[in-house]
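Trainee: Spelled out, the chains give:
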Amino acid sequence: MSARDLFPILPVLLVLAVLPFLGLSGSLLNLLIFMMIVALAAQGWNVLGGYGGLASFGHAAFFGTGAYAAAILQTRYGVNAWAALVAGVVLGSLVGAFIGLLTFRSGLKGSYFALITLAFAEVLRIIANSSEITGGGAGIVVPIDYGFENLQLRDRRFFVLLAVICVGVGLVITRWLDRSKFGAYLIAIRENEDAARALGVNVMNVKLGAITLSAALTALAGVLYTQNFLFLDANVAYGPWISIEALFAAIVGGLGTMFGPLIGAVVLLGAGEITKEFSGGIPGFDLLVFGVILIITVAFAPNGLAGISLKSFRRKTRGHTARSSRDGGADA
Amino acid sequence: MLEIDRLSKRFSGLVAVDDVSLRVEHGSITGLIGPNGAGKTTLFAMSAGFVPVDAGNVRFEGATVTSMPPHERTRLGMVRTFQIVQPFAGLSVRENIAVGAYLRTPDRADALAEAETVGNRLGLGPMLDFAASSLTVAGRKRLELARALATRPRLLLLDEVLAGLNPTEIRDILPVIRSIRDDGVTIFMIEHIMQAVMNLCETVYVLNEGKLIAEGAPAIVCGERPVIEAYLGQGAAARLRAEGGQPHA
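If you're matching them up, the sequences are chains A and B in order. Just so we're aligned: 139 in numbering that gives the first Met the number 0 is position 140 of the first sequence, and the numbers increase by one with no gaps anywhere. Just so we're aligned: 77 in numbering that gives the first Met the number 0 is position 78 of the second sequence, and the numbers increase by one with no gaps anywhere.
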């Protein structure tokens, strides 16, 4: 991957980084932070589900592990917040590797894999809800102590910036998948596992790498959640909501595309917020909108919102495809 | 090059491959023929590591690879293709071939360049940027070959690469296979189309009901009584003999 490969990422990050400093209201800043957290979780989901074709219903397992690790290490063991962030990501990816080791060894794919991941997340939720170290049903409160060294930013705008940087990391990792041997192998496994194996791909290792990377990104989203809301309970950390939003955002935005999860998160949460405004706060109405958006996307844009733009772009430049992909431009 | 030593495989009661031994000589094109259900594909799958063996040994260039996983065998230099072509449908032809090329290089530019070279050689040049799913059957067969070649094998296991092709397409692809061998790649192929077997192979092995029933030069093997009986049934074979005509397979 060369520096040139990163060019498309820069303008997007720049816009996102400037946005909070344009005088947005506090609630819009909060929405933006939440969008970035969900986008990050969805980027994690996209690595495994979009590139690897292994759709998980249980990314909450990684999100929650990251979130709890950050909260518990800080409140119970007095660990510095930045160190807790690293620990959260590492622990989250270990959970990913563990689940991967169990499921891939037994060759689970498709709906079986989805159900097993859902089960893992639910087991973790139940354990977290009843064990002492997580604060049980009452949850954990991280005491407010503003300061950069504590990863608590009083100025919401800077928290947006932090979250945008994390999303930037996700974008770079996704770009790397488009441009690397590992990514090519992962896509090959998604398309046809036996053929990949025949061509010398160590299927088990590549899948394990993918779930570990996927879990790491989603765990990072969990850590950000903890640092932003400073409160956590089992239903937030390990609840199905984040598994669903991560996969919704990735699917609506475009599976296996670089910007898909980000676009999906912004569109879904944006639409949810708008309907909340207009529906007068009927509970669950935004979820209804999510569902409608998902159905429309799957029916009319099976490659997601990012796929629409890509397709129309391709149509326009059909005459040049031969040349552009010689430069390495074909990244479907 | 490849030595198969008393290989057996049983699928719950059905003996698919029964105590088969054979050798593929370095630099040869060796054929494996036999009626449907004879166990050819199972023998291939065991050779490439896709199906575990019940008994026997597989040796590649003197090294025992019997229980080695397929991807490691490919790294050693033996690669298989599939009877039912298995393209990476969502990828372009070039990217398909590049997956094979990545085995020998971690670099994307190198892998894509190698893919282009191999693709051109197999006559896929104009199709390199098409989606693999848009190829015709003949195109897919060539893609299957190209991907395997991109791994730089020394032994190529071809499982019915000609099946489903029309006579013109077969005529076009035969020289390609021969030129692959001329570049130093040993070829072991399952094939139903006798014209191709006669044309390409120096040695053929005939498998029937899991057992090896004949081996030798194709022209001789095809005249052997057990081979004719395996293909035509004993009745038809006897009638042919009675009519005095030397059966021509």
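Note that these hints are calculated values from the structure, not bench results. Some hints could be false.
To be verified - Derived contacts from chain A toward chain B, CB cut-off under 10 Å, selection only:
{"id": "1", "residue": "F147"}
{"id": "2", "residue": "E148"}
{"id": "3", "residue": "I186"}
{"id": "4", "residue": "A195"}
{"id": "5", "residue": "G255"}
{"id": "6", "residue": "K275"}
Everything numeric in this text was worked out from a predicted model, so none of it was measured. Backbone N, C-alpha and C fix where the C-beta goes; we use that ideal spot for every residue, glycine too.
Trainee: None of the hints should be skipped; say for each whether it holds.
Mentor: Comparing the hints with the structure gives:
1. F147: Status violated, d = 38 Å.
2. E148: violated (39 Å)
3. I186: holds (7 Å)
4. A195: holds (7 Å)
5. G255: holds (8 Å)
6. K275: Violated - the Cβ of A:K275 stays beyond 10 Å from chain B, reaching only about 37 Å at its closest.
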